[in-house]
Amino acid sequence: MGAEAVVALRGHSVVKKRIPKDYRIAELDTKLRRERTRLEAKIQSDARRAGVPTPILKAIDSFSITMERIEGPPVSSVMSEAVAEDIGAVLCALHSAGIVHGDPTTRNMILSAGRVYMIDFGLSSYDRSLEARGVDVHVFFQTLQATDDRFPALKDAFLAGYARNCSNAALILEKVNEIKERGRYL
Amino acid sequence: MTVLGIEGTAWNLSASLVDDDEVLCEASSAYIPASGGIHPREAAQHVANNIAGVIRQVLSSTDPRLIEGVAFSQGPGLGPCLRIVGTAARALSLRLGVPLVGVNHCIAHIEVGRWKTDLVDPIVLYVSGANSQVLSYWQQRYRILGETLDIGIGNCLDKFARSAGLPHPGGPKVERLAQESRNYLPMPYVVKGMDFSFSGIVTAATEALKSASLEEICYSFQETAFSMLVEVSERALSQMDKSDLLLAGGVGANARLQEMLSVMCAQRGARFYAPKTEYLQDNGAMIAHTGLLMLRHGIQTAIASSGANPSFRPDEVEVLWIETH
Numbered sequence: 010m011g012a013e014a015v016v017a018l019r020g021h022s023v024v025k026k027r028i029p030k031d032y033r034i035a036e037l038d039t040k041l042r043r044e045r046t047r048l049e050a051k052i053q054s055d056a057r058r059a060g061v062p063t064p065i066l067k068a069i070d071s072f073s074i075t076m077e078r079i080e081g082p083p084v085s086s087v088m089s090e091a092v093a094e095d096i097g098a099v100l101c102a103l104h105s106a107g108i109v110h111g112d113p114t115t116r117n118m119i120l121s122a123g124r125v126y127m128i129d130f131g132l133s134s135y136d137r138s139l140e141a142r143g144v145d146v147h148v149f150f151q152t153l154q155a156t157d158d159r160f161p162a163l164k165d166a167f168l169a170g171y172a173r174n175c176s177n178a179a180l181i182l183e184k185v186n187e188i189k190e191r192g193r194y195l
Numbered sequence: 048m049t050v051l052g053i054e055g056t057a058w059n060l061s062a063s064l065v066d067d068d069e070v071l072c073e074a075s076s077a078y079i080p081a082s083g084g085i086h087p088r089e090a091a092q093h094v095a096n097n098i099a100g101v102i103r104q105v106l107s108s109t110d111p112r113l114i115e116g117v118a119f120s121q122g123p124g125l126g127p128c129l130r131i132v133g134t135a136a137r138a139l140s141l142r143l144g145v146p147l148v149g150v151n152h153c154i155a156h157i158e159v160g161r162w163k164t165d166l167v168d169p170i171v172l173y174v175s176g177a178n179s180q181v182l183s184y185w186q187q188r189y190r191i192l193g194e195t196l197d198i199g200i201g202n203c204l205d206k207f208a209r210s211a212g213l214p215h216p217g218g219p220k221v222e223r224l225a226q227e228s229r230n231y232l233p234m235p236y237v238v239k240g241m242d243f244s245f246s247g248i249v250t251a252a253t254e255a256l257k258s259a260s261l262e263e264i265c266y267s268f269q270e271t272a273f274s275m276l277v278e279v280s281e282r283a284l285s286q287m288d289k290s291d292l293l294l295a296g297g298v299g300a301n302a303r304l305q306e307m308l309s310v311m312c313a314q315r316g317a318r319f320y321a322p323k324t325e326y327l328q329d330n331g332a333m334i335a336h337t338g339l340l341m342l343r344h345g346i347q348t349a350i351a352s353s354g355a356n357p358s359f360r361p362d363e364v365e366v367l368w369i370e371t372h
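Top to bottom, those sequences are chains A and B.
Per my numbering, residue 10 is the first one in the first sequence, and the count goes up by one each step.
Per my numbering, residue 48 is the first one in the second sequence, and the count goes up by one each step.
Check each hint, because a few of them may be wrong.
To be verified - For lysine-lysine, the following DSS-like pairs were computed, each having C-alpha atoms within a straight-line distance of at most 25 Å:
# : chain 1 : residue 1 : chain 2 : residue 2
1 : B       : Lys289    : B       : Lys323
2 : A       : Lys40     : A       : Lys67
3 : B       : Lys163    : B       : Lys323
4 : B       : Lys206    : A       : Lys189
5 : B       : Lys289    : A       : Lys26
6 : B       : Lys206    : B       : Lys220
Claimed, not checked - If the Cβ cut is set under 10 Å, some of the chain A residues that face chain B in the computed set are:
#  : residue
7  : Ile28
8  : Asp31
9  : Leu41
10 : Ser54
11 : Asp55
12 : Asp112
13 : Arg116
14 : Val148
Bear in mind the hints are in silico, worked out from the structure with no lab data behind them.
Note that this is a predicted model, so its numbers are computed, not measured.
Each residue gets a CB set at the ideal place from its N, CA and C atoms; glycine is no exception.
Whenever a hint applies, use it, and build me the whole structure from the sequences.
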């Protein structure tokens, strides 16, 4: 069960609907769901236009998005160095388009016909800062580290993929280390 | 097995004696700042002045020859406090001739929660003054799935409370004032995957003091900050495919946070657990209990490696005492 939305398969389409969360006050809940739905649709189509594999959008209303269904396993279940490298290249393409994903976990990427598709742009934003890109990479590393014991090799492969078209990979890695150290205790 | 534990990372100095089944004795001495927040030097002086007393109280409840180990909070926490606690623990372990074990304070919060709720493998939301993390056990370690990118939720509440002129600790006062309003003022809601950030809320809330009532601000502050914590807890349950959520840490005593977590869990068919407030706040029993688990699994701390570790992260500790499925 997803955390934020109900995803229903309708033939060749996927309908993603943000359901009300009873724990949040209605005012905050409605605002978050509406804003996130609108932004998600816009960013997802912009990412696609920039060459990042993402599902094609079919329809949008206040709290739901209907999009193309991408067939394939989440990358978490088929992770390898080659896949990690492709993820690096895809994330670099997204960042180069001025977009950060916001939740680039291994469950939000699908391997389909040999390509890594990014899905769930629900927490994405337009942001070209090194900080935002670093947080993106940090989030990806965290889910990888928490779920895969081949982390060191996968991390290197990811960085190689990222560096292929993004010349600032070394800077990003430095930023990621800084962000990691920032987790506060005192 | 009977273990004596000493906690002293920040505000609550506490010593406790536990065995495998229960807490046998606990003595505590809380540091209450005369003004402002926790001052590291004053907190350390408080520890220095009271540590002999709390240990003596616990020792007098038992025959010291029955104690089989001494556990202490090695970090994370305020260095000056940790060093005194470490010194006392080393002296006690040498005097009693029993093993010494340094305990990670965050893990102790989780372990006492698991102990008191009988949970095996939950997602943990750990929220205290300095710490705010979402953790999940996986392959001999508590993995940090998400955490604050700047300040802990407790410090965030205290910081705002100070600028609003409320005495330390601010959290409980903000909670009480929040109950007096239902008028929501939008505040920065920052969630990035499973990480989150609170410093924007402090700024926004402090700014709002010029134009809105304190009750409205407290209400909006809590609703925004807690919604962020609940959202990432839910995402962690979903991502790790788990169905139990354990709340740990002093901010967990907040009734509104507990209510929101419990509603979230009910809505997705998960179970929510929080230990009693005395085990959410810093306490000696959590250190003693975790020390007992470590000693039972052959883990001891040599004097040479028993130094204070103010930035000790929970995922540095090898966890040998959990058996899943």
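Do the hints match the structure? See the list:
no., hint, result
1, B:Lys289 with B:Lys323, "23 Å, holds"
2, A:Lys40 with A:Lys67, "23 Å, holds"
3, B:Lys163 with B:Lys323, "8 Å, holds"
4, B:Lys206 with A:Lys189, "23 Å, holds"
5, B:Lys289 with A:Lys26, "23 Å, holds"
6, B:Lys206 with B:Lys220, "12 Å, holds"
7, Ile28, "9 Å, holds"
8, Asp31, "5 Å, holds"
9, Leu41, "7 Å, holds"
10, Ser54, "22 Å, violated"
11, Asp55, "19 Å, violated"
12, Asp112, "4 Å, holds"
13, Arg116, "6 Å, holds"
14, Val148, "4 Å, holds"
Figure legend: structure checked against the earlier numbered hints; hints not met, in rising order: 10 and 11.
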